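Student: Here's the letter readout for the chains.
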Amino acid sequence: MGVDKNDTNQLINQSAIYQILESVTDPEIPVISVRDLGIIRDVLITNDFVEVIITPTYSGCPAMLEIEKNIHNALKKEGIDHFKITTVLSPAWTTDWMTEKGKQQLKEYGIAPPNPTAPENIQCPQCGSKNTELVSEFGSTACKSLFKCKDCLEPFDYFKCH
Amino acid sequence: MKDQNRYNYVIQHADNCLILGQRLAEWCGHGPVLEQDIAMTNISLDLIGQARMWYQYAAEIQGEGKSEDEIVAFRDAWDYRNVLLVEQPNGDFAQTIFRQFLHDTFSVNFYEMLMNSNDEQLAAIAAKSHKEALYHVRWSGDWVIRLGDGTEESHSRMKAAIEELWSYAGELTKPNATEQKALEDGYGVDLAALKEKRDAQIREVLMEATLDFPQSTYTHEGGKDGTHTEHLGYILSDLQFLQRAYPGQEW
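For the record, the sequence lines run as chains D and A. Note that this note's numbering has the first sequence beginning at 190, numbered continuously upward. Note that this note's numbering has the second sequence beginning at 45, numbered continuously upward.
Bound conformation, chain D alone (with noise of 0.2 Å):
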């Protein structure tokens, strides 16, 4: 932008943004950052401001309000003191955004992550086995439903497909 930049305002550069936010998970998945759900929008530098956008999983979420606190803390324990988080609804947030690394990240806690291309074969994240059933479409938290695997018989959640 042609603005001379002094030493501290280097340091305030999108990837520097980017790699605070990915200290931030989600509370309720905490293996999972807030970048890799697919919920931070952009984020603006206008000389030293910084706007973090974001934007809702589930409107009803209780989740996003800690989701913004805890980006918040996390920006000014970096030293980031102009900044705001802006919310959008538009376009709404599917779990098409989430990263490829998001989704192994949940496997590898125990939930299933969504998949759009078999959502009648879904695997489970224990045993690997496709042989599952659907036991509840709404599960512990509005963004996962309830299975069952028919092979190890351990119950699991599935992330849905949104």
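Please keep in mind that the hints were generated in silico from the structure rather than gathered at the bench. Predicted model, so just to flag it, every value in this text is computed and none were measured. Heads up, the beta-carbon is just placed ideally off N, CA and C, and yes, glycines get one too. Please note that the accuracy of each hint is not assured.
[To be verified] Cut-off 25 Å, straight-line C-alpha distance, at most; resulting in silico cross-link-like pairs (SDA-like, lysine to any residue):
no. : chain 1 : residue 1 : chain 2 : residue 2
1   : D       : Lys-319   : D       : Asp-346
2   : D       : Lys-319   : A       : Glu-79
3   : A       : Lys-175   : D       : Asp-346
4   : A       : Lys-175   : D       : Leu-254
[Claimed, not checked] Every beta carbon over 10 Å from chain A, so not counted as near; a handful from chain D, in silico:
no. : residue
5   : Glu-211
6   : Lys-273
7   : Lys-290
8   : Lys-292
9   : Ser-325
10  : Glu-326
11  : His-351
Use these hints to put chain A onto chain D, whose structure you have.
Tutor: Relative to chain D, chain A alone:
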């Protein structure tokens, strides 16, 4: 207020979401089985989340610096604009299911059509909520079928629920002056077109549930203009108590 009609339109839908969300929350801890208890509270949460988006927009249109909480807590029954259906008591599980099904078949079509609104914020709220409504209508529709096409007992309860609640179905799709103007101005939904789609959907589910599509076209109405059944006052006394006793409390 610059745009009273738009405000009223938004408040109608905000109140629908809030009151039904509150009703469903009454099931928390009382569901017939754990999974369905969780389903009802999940749907309740979605509806209250949708209500928040609507109220935030209402506050913006109103432009008096009021919060969404103030709009919810400091209006009395006659200023509420929800349809009579959503304030009806939970009754038994069949009654809750049919009330939900009537609401969901309306809302899923409503949001789908509202995505074409010339008001960007309404279109955004619609796109966000539509995804959730798709889940809701699948759940309530599945239960109508399961209870209707279930045992003798569940069939008769579902039938009784339809008899009890059908006379509240018409208000959803019968436009009042607010909705008529919203349609003329290009930000509202054409309820006549919606009714056709909705009725077809209801017919299909009832047929699969071995239940008859009701013939009666009589409908109770008035909620959308502030005339409510006795039930709303009781809901509000629960819902508003804290803010009335201790104004300005926050989470």
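Student: Each hint: holds or not?
Tutor: Cross-check of the supplied hints:
Restraint check for Lys-319(D) and Asp-346(D): the C-alpha separation of about 14 Å stays at or below 25 Å, so the hint holds. Distance check on the hinted pair: Lys-319(D) and Glu-79(A) sit about 22 Å apart at the alpha-carbon level, within 25 Å; holds. Restraint check for Lys-175(A) and Asp-346(D): the C-alpha separation of about 20 Å stays at or below 25 Å, so the hint holds. Taken as a hint, the Lys-175(A) and Leu-254(D) pair is honoured in the structure, with Cα atoms around 21 Å apart against an allowance of 25 Å.
With a least CB separation of 26 Å from chain A, Glu-211(D) remains clear of the 10 Å interface cut-off, as annotated. Against chain A, the non-interface label of Lys-273(D) holds: every CB pair exceeds 10 Å, the least being about 17 Å. With a least beta-carbon separation of about 24 Å from chain A, Lys-290(D) lies farther than 10 Å from that chain, consistent with its non-interface assignment. The Cβ of Lys-292(D) sits about 19 Å from the closest Cβ of chain A, beyond the 10 Å cut-off, so the non-interface label holds.
A cut-off of 10 Å between C-beta atoms contradicts the statement that Ser-325(D) is not in contact with chain A; the least separation is 4 Å. Its beta-carbon lying about 6 Å from the closest one in chain A, Glu-326(D) breaks the requirement of being farther than 10 Å from that chain. With a closest Cβ-Cβ approach of about 6 Å to chain A, His-351(D) is found to fall inside the 10 Å limit, against its non-interface label.
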